[in-house]
Amino acid sequence: MSTDLERDLGAWTSGELSRDRLLATHGDAAAGLVALHERLAGVAASASGTDADAGWAALLVAMDAPAQVVPLRRHVRRRRTVAILVAAALVFAGTAFAATLGLGRRDAPPPPAGTTAVEPAAGGNSTVGTNDRRLVPPPSVQPAGTGGSGQGPSSDGGTATGDGAGTQGGSTPTATDDPHDRDHGTGNDGSHDDKGGGNDGSTGTLPRGSSGHGH
Amino acid sequence: METSAFRGGAPANISTPRPDRKDDVPDGRAQERALVRRAQDGDRDAFGELYRAHLGAVARLVRFRLGREDEDAVSEVFLRAWRGLSSYRDTGVPFAAWLYGIARHVAVDVLRKHGREEPRDELPDGAVDPMIAEVLTLRGAIDDLPTEQRQVIELKYLVGMTNDEVAAAMATTPGAVNAKQWRALKALAEILEDRT
Chain Z
6 MSTDLERDLG
16 AWTSGELSRD
26 RLLATHGDAA
36 AGLVALHERL
46 AGVAASASGT
56 DADAGWAALL
66 VAMDAPAQVV
76 PLRRHVRRRR
86 TVAILVAAAL
96 VFAGTAFAAT
106 LGLGRRDAPP
116 PPAGTTAVEP
126 AAGGNSTVGT
136 NDRRLVPPPS
146 VQPAGTGGSG
156 QGPSSDGGTA
166 TGDGAGTQGG
176 STPTATDDPH
186 DRDHGTGNDG
196 SHDDKGGGND
206 GSTGTLPRGS
216 SGHGH
Chain S
101 METSAFRGGA
111 PANISTPRPD
121 RKDDVPDGRA
131 QERALVRRAQ
141 DGDRDAFGEL
151 YRAHLGAVAR
161 LVRFRLGRED
171 EDAVSEVFLR
181 AWRGLSSYRD
191 TGVPFAAWLY
201 GIARHVAVDV
211 LRKHGREEPR
221 DELPDGAVDP
231 MIAEVLTLRG
241 AIDDLPTEQR
251 QVIELKYLVG
261 MTNDEVAAAM
271 ATTPGAVNAK
281 QWRALKALAE
291 ILEDRT
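Chains as they are written, first to last, in our numbering: chain Z, 6 to 220; chain S, 101 to 296.
Because the hints were derived from the structure by calculation, they are not lab data.
A few of these clues could be false.
Stated by the list, open to error - Here are some, though not all, of the chain S residues that point toward chain Z, as calculated from beta-carbon distances under 7 Å: (1) G148; (2) R163; (3) F178; (4) W182; (5) S186; (6) Y188; (7) R189; (8) M231; (9) E234; (10) V235; (11) L236; (12) N278; (13) A279; (14) W282; (15) L285.
For each residue, glycine too, the CB sits at the ideal point set by N, CA and C.
Next up, chain S with everything else stripped away, as it sits in the complex (with noise of 0.2 Å):
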């Protein structure tokens, strides 16, 4: 019967920390929460102090989906979030999440735009970069999971939120949020090893 080495509690942030974090301090979140609310008063300074704070994570998030990388897919989405700050309201959920939202629309527009990418089994050999490669790999496998582990999967490793961050956007705990972490990766390796 297997046992737990871990003694001590559950883990509160079991993401990698990402350099480009500005919250992962408690003081982070009522941090931004100020600069969101500058930003809704039309200040651009606050706004772009929020760009440079999730632009990695937006940037990860559209090149997941798109399979590329897409400067100008990005610019839209913090264009979006520009022009819709006066609809964000602070329920607790944080930014990086609503971001996520309007990553995810944005990426769906540019696929839809441009049409479907071409199928990886009809490129020839060595005209994909393998790092590509592995990201469509991945993508695919990680659509094929059920609504709420793709969420959190792209929310941790995507986005690069806390299990306190996941759990304030999918309204849960973060006890729950590291179960569904760890259930959606096996769920995933499932689906990998069904494909090859």
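Extracted from the complex, chain Z is given alone in its bound form (with noise of 0.2 Å):
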């Protein structure tokens, strides 16, 4: 559509342009513009004249009456509460049964030899085979000259001094123990053989990137 086409009919019905001269420019193309405009104009003139009068009457009385109530859906707050009360339960009865469970466990005897769970030595830290720290116990202060005397964990491997020798990890080799053991008592029974002398002291080597000193 053009706009000159717009405009014309916009004059057209602005009382500016006459039908007759706007159907001799634009033809058809304004013709059926112009028949569904006058169509819509004569629905919306044939609507019967409304009584204002007795309608404001009317009004009037409906504007005077208190509004209408409509009462909430009680029924939804109700389900509400329901589902929290389930929820609380759930909530309440998987904390209790996860409670029974710990105390369970906790109570247990402990397991036969042969199992994972690794009654540690006296002073010794060998466990083997287990990462349940539930089963294992804090460690405790080692009595002064029966571990090694390796000053400091050196945990980035910088100044342990490593001259420890003594009865550090345990000695006695308990039921689980490797039969070929080979770290002589001290409890490493891994492919790690350092002779007795804990963490191999002053020739262990630096981790990858360390600076040697200790925090």
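Please dock the two separately framed chains into a single complex, following the hints provided.
Here it is as structure tokens:
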């Protein structure tokens, strides 16, 4: 549709351009739109007149009446309360069940020999084959003279002196010890054979990237 | 190549003047704003004047949406307007556009309450007033228009707003409203042609 046609149609509806002139200029392109415009205007004008006074009187009565209160759906609130109670019960039951399980494990008798849980030797830290921290007692303070005299764990591998060759690691082999024990009672059953020297001491190699200064 | 037969500027008002419109003159908007402010303060007489000014437009719109006269629905439109006047903010949008929004909601509620109207195809011949049949035909086609075009058609032909008022309601210019109106009519003509 051209802008000229749109403008002329607007001019026609505002009375600034005659219908004949519009149709003569734009022909069928304008005729269809003119017909539809008049059709719509006819529908709008066909509405019977509403009695304004009677309508206003009725409206005044309605305005005076209190607004109709539509009750909210109470069952929704009730349903929500039930849902919250059920959720709380589930949480409580789950917590209680978890607590019961935890107590049961703590009170359970020590596992028989041959299982993965190993009773640690006194002063030793030989825990072979288990990752369950609940089965491992907290480390106790080593009595003086029973362990190696390594000066600090040297977590970054820097300052350990490693001159201990004592009974570190528990010297008594347990039933779960490797029959081909090569660590001479150090409890370190890995492939690494340090001859009871603990953490290899000064001969240990620094981890890559380590500055060698303990924190 | 087509040329324009009109040498004047863009028309400001292309709608057919309505006898019940009191705000076609520039002072009409200011007068209406004053009435709205008084009505918001609880002045029933001021609201009564607004009622009389817009009754025809609301009745036309309700009739067009429902396919029948419904005085209760018209009354409901003004009742909701009265109760919601405190929420009305004068942002330059004509009061009639606000009523138009309420009327559309009321019409939807009425249709929902009474269920969908009986499809025309299943009615026996002669059971429907020809003018009502015409309304239903046009309404069905208008409902298929894009929202913006439908709003322009309803605001122009049913509410009887001027291009300036429609432009204020749709945040555009009167010239753009003129273009939208005729493009909407062209689209409407194509829809009606497809249906016949």
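- Hints breached by this structure: The structure breaks hints 5, 6, 7 and 11; every other hint is satisfied.
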